Amino acid sequence: MNNAVAQPQTVVVLGGASDIGQAIVAELVSPALRTVVLAVRRPETLDAAALAFGDAEIVVVPFDAEAPSTHADVIDGIVDRVGDLDVVVQAFGQLGAPGLSDPVDAAMLAEVNYVGAVSSGLAVAEQLRRQGHGTLVVLSSVAGVRTRASNFVYGSTKAGQDGFATGLGHSLAGTGARVMTVRPGFVRSSMTAGMSEAPFSVDPTDVAAAVAGGLRRHRSVVWVPGILRVVMGLLRFAPDAVWRRLDR
Amino acid sequence: MRTTHRELTGWGRTAPSTATVHDVSADELAPEIIQRLVTPRGIIARGLGRAYGDSAQNAGGAVLRLGPGPIHLDAAAGTVRVGAGVSLDELLRHVVPRGFFVPVSPGTRFVTVGGAVASDIHGKNHHVDGSFGAHVEAFTLLTADGDQRVVTPQADPDLWWATIGGMGLTGVITEAIVRLLAIETSRCIVDTERVPNLDSLLERMESGDHRYRYSVAWVDLVASGSNLGRAVLTRGDHATSAELAEYDADGAADPLAFAPPSLAKVPQGLPNLLSRPAVRAFNELWYRKAQREHRSIESITGFFHPLDMIGDWNRLYGRPGFLQYQFVVPFQAVDTLRSIVATVADSGHASFLAVLKRFGAESGGMLSFPTPGWTLTLDLPAAAPGLGELLADLDRRVLAVGGRHYLAKDATTTPEVIRAGYPRLDEFLQVRRRVDPHGWWVSDQARRLDLL
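Chains D and E supply the protein sequences, listed in that same order. For the first sequence, position 200 matches number 199 in numbering that gives the first Met the number 0, and the numbering has no gaps at all. For the second sequence, position 325 matches number 324 in numbering that gives the first Met the number 0, and the numbering has no gaps at all.
Please note that the accuracy of each hint is not assured.
To be verified - From the derived model, a few chain D residues whose C-beta atoms are all more than 12 Å from chain E:
{"no.": "1", "residue": "D54"}
{"no.": "2", "residue": "G131"}
{"no.": "3", "residue": "P238"}
To be verified - Reference excerpt, derived from the structure (chain D facing chain E, CB under 10 Å, subset only):
{"no.": "4", "residue": "N2"}
{"no.": "5", "residue": "A31"}
{"no.": "6", "residue": "T34"}
{"no.": "7", "residue": "G82"}
{"no.": "8", "residue": "R129"}
{"no.": "9", "residue": "G133"}
{"no.": "10", "residue": "G175"}
{"no.": "11", "residue": "A176"}
None of these hints come from the bench; they were simulated from the model. Note that the coordinates shown come from a computational prediction; the quantities given were computed from them, not determined experimentally. We treat Cβ as the ideally placed atom computed from N, Cα and C, and that holds for glycine.
Could you build all of it, start to finish, from the sequences and the hints given here?
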């Protein structure tokens, strides 16, 4: 159960190898936290012994975002092992190659970022609805708010995931289960290593702090940094020519 | 019976969860009803939802709300047999005009008799009269085996002391026989003192509390430095007929009048209005308006339940809600008390008026909170950054001197903190296993704190 200051006892990260996912868990460490489940594609490559989240037990389970037919079983298996899920973070996702134009590669990206988010999101939602409490934290992106020429395939997958997440949140109203959609700007992480930074860049710890704050305030959408809510609110309505010029 | 599926929180409006809520009237109660309503995630009784945290909600399970029941006053014996779903408000409206008062009153009339027993509530008279459970002669308990049994401390002491303060985890209390206090009037004679700092407050309470039935101090936890712990101490007792005639000649015409006013209702959807500057301003005003030393005559509502005049006051904290942190430390742990007051005052968190009181003897309930010592209660906005860390630090200091936390208020402690504060927890769990072998009585709090 979450306590009154939104400190969970059990946190699950789908995409548990993600920098941002692990930073969120580190931010949620408290005397209340007992179990951290890292669901990752290749458990053998994750050095769990090198990780520590307070006194919490760390459980590593296999999870493949590209295998939607397994997602319900993965979630059920986690519940059998650790009980109620207080916070589940959907942290998996790929950026895709720069200038991605290969149809098959693009479809694979959509498979992970969107299709995987839909199937795992619904599996989590079913469990949260059953247990009558808990929050699904979905790591979306500002890239999905208005897609750009330079990464529109990625942006479109994030747009789909974002729309799914906010709609799922509405569908769960009154069930005790919640969805919090997180829209970070450019995050300096291993996924973006080597790329030139965009304005309003943040670190995984900034995203983590914003997630913890959003949980405390019962928010349904969180922008990181917060100013992006205003910036993107305006840019959404920028003329196409202006929007293209901004996309360097 | 009315059944709905809805989201519940405690009075603090934090940590919501959804359950199937059954509103059951007193005459629909039958032993087999629990067998019918229980879910794989259990069932828990809920009164008026005034516990601050998650003690009366059950995520994904069932919640039973018992409606108002009969009130049978035996004026000769000074006792009342009352349905557990009856609120202290209804009970007072019935018994005050007949010359009786509840033996223990918390800061609100809007709690049920069942909740009062299950939380073993205390009031301003704890140092003299003990907690609510000390004034109960018998209660009826609906247990998981489908039995509806009358429990007394003589017949089944284990079940009795596991249920008094047991947070509903042994069964549903359906009725209780409660000893009342005879009163001559519905007014109180109250001595108010403005006290400039914590040390003189502690000294005055230690030396003078025994002269009063009721005593409580409202402490300003935003003031620091030389004003640290400044307070308004109010102490009093029920006015006699002679006192009423002396202080309020007009009121003496109707000595047992009881008409609690409702002044305002807080609307939905406000942001948190109790920010630190607002709290600081309020506390300052309230301290300055109090007279240095003053004797007055007050109504029951004015003295016992002032916040009841403002409906839904918990909405003042906005959507993220608030929590009430209450602990007790032994009398000799004054240094810990002082350090906690200083830490909170310097923390930057906006604690609205805090309440300090001296507890008397324990009731005997295995999970009953009151134990001799100082008890401090503070209200804090829940969304404030760093609050979890602050409270974890306070938890450690409270436990280090042998203190404990109040389950009816708790919303942030851990299983370890409760285990350390309640040495009789295992004894409680044994009784629970005896009367509830399948673990039907479950609340979110019980899940969070391993009380199962």
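Cross-check of the supplied hints:
1. For D54(D), the non-interface assignment is contradicted: its Cβ lies about 10 Å from the closest Cβ of chain E, within the 12 Å cut-off.
2. The claim that G131(D) lies off the interface is violated: its Cβ sits roughly 3 Å from the closest Cβ of chain E, which falls inside the 12 Å cut-off.
3. No Cβ of chain E approaches the Cβ of P238(D) within 12 Å, the least distance being about 36 Å, so the stated non-interface status holds.
4. Below 10 Å, beta-carbon pairs count as interface contacts, and N2(D) has one with chain E at about 5 Å; its hint therefore holds.
5. This hint holds: A31(D) has a C-beta 6 Å from the nearest C-beta of chain E, less than the 10 Å allowed.
6. Violation of the interface hint for T34(D) is found here, the shortest Cβ-Cβ separation to chain E being roughly 13 Å, above the 10 Å cut-off.
7. Checking G82(D) against chain E: minimum C-beta separation of about 9 Å stays under 10 Å; hint holds.
8. Look at R129(D): its Cβ gets to within about 6 Å of chain E, closer than 10 Å, so that hint holds up.
9. Taking 10 Å as the C-beta contact cut-off toward chain E, the hint placing G133(D) at the interface holds, the least distance being around 8 Å.
10. Satisfaction of the interface hint for G175(D) is found here, the shortest Cβ-Cβ separation to chain E being roughly 3 Å, below the 10 Å cut-off.
11. For A176(D), the interface hint holds, the least distance from its beta-carbon to any beta-carbon of chain E being 8 Å, beneath 10 Å.
Violated hints, listed in ascending order, are 1, 2, 6; each of the other numbered hints is respected by the structure.
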